[in-house]
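Protein chains: 2
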Amino acid sequence: MDFRIASRADVPAVLDLLADDEITRLRGFGTVPEQVDAAVWAAFEAIDADDRNELIVAVHDQEIVGTCQLTFIPGLSRGGGERLLIEAVRIRADQRGRGLGGELIRWTVERARERGCRIVQLTTDKRRIDAHRFYAKLGFTASHEGFKLAL
Amino acid sequence: MDFRIASRADVPAVLDLLADDEITRLRGFGTVPEQVDAAVWAAFEAIDADDRNELIVAVHDQEIVGTCQLTFIPGLSRGGGERLLIEAVRIRADQRGRGLGGELIRWTVERARERGCRIVQLTTDKRRIDAHRFYAKLGFTASHEGFKLAL
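Here the protein sequences line up with chains U and F, keeping their order. The numbering used here numbers the first residue of the first sequence as 1 and each following residue consecutively. The numbering used here numbers the first residue of the second sequence as 1 and each following residue consecutively.
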């Protein structure tokens with residue numbers, strides 16, 4: 001599996017991955033519009049132009065089988081080291097259970113380490129019990145409560 | 001109480017606030033050096049130059065009594081709307097229990113709303129039981145597990 005920063009041409013495949021998820025569907029943002037919305041393109045352009053945001057795709061046999069978004073956050077804590085936030089992690093349904101997710105997360109952690117980040121963090125829905133085991137196995141600690149407020 | 005974006009002159013007061021916390025002390029980053037480290041200045045400059053990062057200070061009687069950091073994150077989910085991440089929330093010890101924290105968080109949520117964010121999120125250590133009640137009262141839902149990996 002190869003990992004790279006997503007290009008414009010990858011956006012429809014990434015949207016398919018984001019939508020193909022039970023909890024996303026329950027949230028009501030799970031439908032991929034026939035034509036990608038202008039706001040979604042604008043978001044892609046914003047990520048693409050920002051040194052501290054990276055939309056990542058995992059590619060296997062020339063197909064996009066996974067994605068996540070990385071945000072590198074400067075801060076005054078922890079000696080001024082950056083924090084990596086991982087969001088929107090998805091592995092294509094037919095590729096799950098083969099270790100690709102672990103490969104993807106280990107790659108992002110290595111990327112954070114190379115950049116000198118002091119911490120990597122993410123939140124995962126309390127209903128995703130399998131995800132909790134998955135991140136614990138990768139060395140993460142469920143030390144925090146993740147609070148959300150939808151606007 | 002007034003809220004504004006921190007200037008360079010506010011950095012020592014913000015570092016004092018960040019350090020004055022039991023859990024931060026346990027983590028071992030709780031000592032404020034006599035002279036602010038070059039890496040911390042660089043982090044401040046990075047935040048200051050970045051449209052998607054804001055170091056906020058709460059000012060009362062010309063003294064800094066609170067702080068938090070805001071990161072506005074573009075993303076393809078939720079119709080292309082931004083996500084606000086709140087980090088490093090602190091109220092000065094002698095000012096706690098007077099509602100200033102609530103004022104600060106409500107102000108940040110309003111700022112997110114004006115900017116068109118679709119979600120506000122934060123994590124808080126599982127040991128901070130008072131903070132959990134505090135965020136629940138402000139309308140946040142503890143729907144997620146917060147995973148961290150220190151590097």
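The hints are simulated quantities; they were obtained by calculation from the structure and are not laboratory data. Positions of the beta carbon are idealized from the N, C-alpha and C atoms, including for glycine. Treat the hints with care, since some could be wrong.
What the hints assert, rightly or not - Quick list of simulated restraints, FRET-style, between CB atoms: (1) F/95 to U/98: 48 to 58 Å; (2) F/59 to U/151: 40 to 50 Å; (3) U/150 to F/96: 40 to 50 Å; (4) U/114 to F/9: 49 to 59 Å; (5) F/51 to U/150: 44 to 54 Å; (6) F/98 to U/150: 27 to 37 Å; (7) F/95 to U/12: 14 to 24 Å.
Hint by hint, here is what the structure shows:
1. F/95 to U/98: 48 to 58 Å: Given about 53 Å between the Cβ atoms, the range holds.
2. F/59 to U/151: 40 to 50 Å: Violated - the Cβ-Cβ distance for residue 59 of chain F and residue 151 of chain U, about 26 Å, lies outside 40 to 50 Å.
3. U/150 to F/96: 40 to 50 Å: violated, 28 Å
4. U/114 to F/9: 49 to 59 Å: violated, 34 Å
5. F/51 to U/150: 44 to 54 Å: violated, 24 Å
6. F/98 to U/150: 27 to 37 Å: holds, 28 Å
7. F/95 to U/12: 14 to 24 Å: violated, 50 Å
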